[in-house]
Amino acid sequence: MNARTQKFASTGLIVGVFVFWELFCLAAGISELVLPRPTQIVAAFLEYAHAIWPHAWQTLYTTMVGFFFGVLIGLSLGVLIGSSKLAYDTAYPLLVGISSIPKVAVVPIFVLWFGAGTVPAILTAMIICIFPIVVNVSTGIATVEPELEDVMRSLKASKAEILWNVGLPRSMPYFFASLKVAITLSFVGSVIAETVASNKGVGNMMMIASSSFNVPLVFAGLMVLAAMGISLYAIFAVLERRMAGWAMRKHN
Amino acid sequence: MSDDRFVHLEKVSVAYGQGAEQTLALCPTDLMIGKGDFVALVGPSGCGKSTILKLVSELLQPSSGNIFFGGREIGAKPIRVGMAFQSASLLPWMSVRDNVRLPLKIVPPFKASFREKKDAEYKDRVDDLLEQVGLLDFADKSPWQLSGGMMQRANLCRALIHDPDLLLLDEPFGALDQFTREELWQTLQTLWLDRKSTVILVTHDLREAAYLANRICVMSARPGRIIEDRTINFPRPRSIDVTFEPEFGALVQELRALIVHAAPGVQEAAA
Ligand SMILES: Nc1ncnc2c1ncn2[C@@H]1O[C@H](COP(=O)(O)OP(=O)(O)OP(=O)(O)O)[C@@H](O)[C@H]1O
Ligand SMILES: [Mg+2]
Numbered sequence: 625m626n627a628r629t630q631k632f633a634s635t636g637l638i639v640g641v642f643v644f645w646e647l648f649c650l651a652a653g654i655s656e657l658v659l660p661r662p663t664q665i666v667a668a669f670l671e672y673a674h675a676i677w678p679h680a681w682q683t684l685y686t687t688m689v690g691f692f693f694g695v696l697i698g699l700s701l702g703v704l705i706g707s708s709k710l711a712y713d714t715a716y717p718l719l720v721g722i723s724s725i726p727k728v729a730v731v732p733i734f735v736l737w738f739g740a741g742t743v744p745a746i747l748t749a750m751i752i753c754i755f756p757i758v759v760n761v762s763t764g765i766a767t768v769e770p771e772l773e774d775v776m777r778s779l780k781a782s783k784a785e786i787l788w789n790v791g792l793p794r795s796m797p798y799f800f801a802s803l804k805v806a807i808t809l810s811f812v813g814s815v816i817a818e819t820v821a822s823n824k825g826v827g828n829m830m831m832i833a834s835s836s837f838n839v840p841l842v843f844a845g846l847m848v849l850a851a852m853g854i855s856l857y858a859i860f861a862v863l864e865r866r867m868a869g870w871a872m873r874k875h876n
Numbered sequence: 005m006s007d008d009r010f011v012h013l014e015k016v017s018v019a020y021g022q023g024a025e026q027t028l029a030l031c032p033t034d035l036m037i038g039k040g041d042f043v044a045l046v047g048p049s050g051c052g053k054s055t056i057l058k059l060v061s062e063l064l065q066p067s068s069g070n071i072f073f074g075g076r077e078i079g080a081k082p083i084r085v086g087m088a089f090q091s092a093s094l095l096p097w098m099s100v101r102d103n104v105r106l107p108l109k110i111v112p113p114f115k116a117s118f119r120e121k122k123d124a125e126y127k128d129r130v131d132d133l134l135e136q137v138g139l140l141d142f143a144d145k146s147p148w149q150l151s152g153g154m155m156q157r158a159n160l161c162r163a164l165i166h167d168p169d170l171l172l173l174d175e176p177f178g179a180l181d182q183f184t185r186e187e188l189w190q191t192l193q194t195l196w197l198d199r200k201s202t203v204i205l206v207t208h209d210l211r212e213a214a215y216l217a218n219r220i221c222v223m224s225a226r227p228g229r230i231i232e233d234r235t236i237n238f239p240r241p242r243s244i245d246v247t248f249e250p251e252f253g254a255l256v257q258e259l260r261a262l263i264v265h266a267a268p269g270v271q272e273a274a275a
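Chains as they are written, first to last, in my numbering: chain A, 625 to 876; chain B, 5 to 275.
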C-alpha cells in the first residue's frame with residue numbers, strides 16, 4: 625500500500641467510526657445522557673465554546689509548564705545516569721520501580737502540600753513525564769556502541785566531549801520517542817489533578833458538567849483534550865523527524 | 005635516541021575476558037617502531053593485529069608489559085593519533101564532511117579555533133582531502149548513503165585530517181576494488197612522503213603491505229606473536245610498476261608461505 629492510499633484509508637476509517645457512532649446511537653435510540661451523538665457533541669462545543677476556552681487554556685498552560693520542567697529534569701537526570709555505567713546499573717532498577725508507580729496516586733499528596741489549584745496540576749504533569757524521559761535518555765547514552773566511543777577516545781577526547789558529540793546525539797531518537805509518550809502523559813496528569821482538586825481546567829469543567837448531567841459538554845471536553853493531545857503529539861513527531869531523522873532512515 | 009623508538013611495546017600481552025573464559029589474544033610481544041617509519045602488520049585473521057592497534061591508540065590496556073612513546077611511559081606526553089577503524093565507525097547523525105571534520109573539533113591545536121574556522125579553512129581542508137579520495141561529491145551525504153568502500157575512504161580521511169604523528173590503519177582498503185585500491189595506495193604514499201608521519205598498517209593484502217611499507221611484521225595465529233620482521237627496500241616513490249617486478253613477486257610469495265604456515269587451520273592447498 626503506498627503512502628497516499630494509506631492516508632486515504634486512515635481518514636476513511638476515522639470518518640467511518642464517527643458515522644457509525646452517529647447511526648448506531650440513532651438506530652438504537654440511545655439517550656444523550658448515556659452516549660451523545662457526534663453531532664450533539666459538536667453542537668455542545670459550539671454552544672459552550674467561550675466557556676470552554678479558558679478551561680482549555682488553563683489545561684494547556686499547566687500541562688506545558690509541567691512538561692517543560694519535566695523534560696528539563698528528565699533530560700538532565702537521564703544524561704547524569706546514562707553517562708556513568710555504575711550510576712546506570714545502580715539506578716536503573718529504582719527508575720523502573722518508580723516509573724511503574726501510578727503517578728496519579730500522588731495528586732492527593734500534592735494537594736495536601738500545596739492546596740488545590742494550578743500548582744498540583746503542574747507538578748502532576750511534571751512528575752508523570754519525568755520517568756519515561758529519564759529511562760529513555762539514560763538508555764540511549766548507556767548503550768552507545770563502543771566503536772563510536774573508540775573513535776572519540778582515539779582522539780583523546782574528554783568525557784564531556786564524548787558525551788556531547790556521541791552520547792547526546794546518539795540518545796536523541798530515544799529522547800524524542802519518549803517526548804511523544806511524555807506529552808500525552810502530561811495531559812493525563814494535569815487533567816486528573818484538575819478533576820480532583822481545582823476549580824479551573826478541562827478536567828474540572830468535565831466534572832462539573834457531569835454532575836449536572838450535561839453529558840454532551842463532558843464529551844466536548846474530551847474532544848478538546850483529544851485535539852490538544854494530538855496536536856502536541858504531531859508537533860513532537862515533526863521535531864523528531866527533523867532532529868533524529870537519521871535513526872529513521874529505514875522508513876523512507 | 006628516542007627516534008628509533010617512537011613507539012615501543014615491551015613484553016606486551018593481552019588477554020580478553022576474565023576467569024575461565026579468558027582468551028589470550030597476544031603473546032608477550034616486543035615491537036619497536038621508529039619515527040617516520042611505515043610498518044605493515046600481516047597475519048591470519050584473529051591473530052591480534054587490531055589488538056595491537058588498540059594498544060597503541062590507548063583504547064586498550066595491556067594485560068602485562070609496558071608501552072612507551074618517544075621513550076616515555078604511555079600518557080606522559082600525548083601524541084596525536086589518527087586511527088582508521090576496521091569497521092568504518094562513522095557517526096550516523098553527521099554528514100560525511102562533519103565526520104571527517106570531527107578530529108579538528110577535538111584535537112589540539114585545531115580545536116582552539118574550531119568555531120571560527122570550521123566553515124572556512126577547515127571546510128576547505130576537509131574538502132581537499134575528500135577530493136583526493138574521490139568523495140567530494142558525497143560530502144553532504146549521510147554515512148548510510150555510502151557504499152562500503154566509500155565509508156572506508158571517509159574513514160581514512162578522518163584518520164588523516166588532523167595531521168597525526170602516528171597513523172593507525174586497520175585494513176583501510178579492505179572493501180575496495182583493485183583499481184581504487186591501487187590509486188589509494190599511491191595517494192597514501194604521497195601523503196606519507198609529504199608528512200612523514202609514522203604509520204602502522206594492518207592488512208590482509210600482502211601486495212599492499214609490500215608496496216606501501218618499509219617494514220613488514222608477520223604474526224602467527226592466535227595467540228599472536230611476531231614471527232618475522234622484514235625490511236622492504238624498494239626505492240621511493242614507488243610506482244605501481246614495482247608490483248610487477250620479480251623481486252616483488254618473490255617477496256609476496258615468501259610472506260604468503262610464512263602466513264600459511266602460521267595459520268594452523270588453513271591448508272597449503274587453499275592458499
Ligand atoms: N572485545 C573482545 N573480547 C573478547 N575477545 C576479543 C575481543 N576483541 C578481540 N578478541 C579476540 O582476540 C583475538 C584477536 O583479535 P583481533 O581483533 O586483534 O584480530 P585481528 O588480527 O585484527 O583479526 P582480523 O584480521 O580478522 O581483523 C581474536 O581471536 C578475538 O577472538
Ligand atoms: Mg582486525
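A hint or two may mislead.
Unchecked claim - Not the full set, but computed from the structure, chain B residues with beta-carbon under 10 Å of chain A: (1) S146; (2) H166; (3) I230.
Think of the hints as simulated: they come from the structure by calculation, not from any bench. As the structure is a computational prediction, the values presented were derived from the model and not from experiment. Every residue, glycine too, gets a C-beta built ideally from N, C-alpha and C.
Hint check:
Against a cut-off of 10 Å between C-beta atoms, the interface hint on S146 of chain B holds, since the closest Cβ of chain A lies about 6 Å away. The criterion of a C-beta within 10 Å of any C-beta in chain A is met by H166 of chain B, whose closest approach is roughly 8 Å, and the hint holds. With 10 Å as the threshold, the beta carbon of I230 of chain B stays out of range of chain A, its nearest partner Cβ sitting at about 23 Å, so the hint is violated.
Checked against the numbered hints above, the structure breaks only hint 3 and satisfies the rest.
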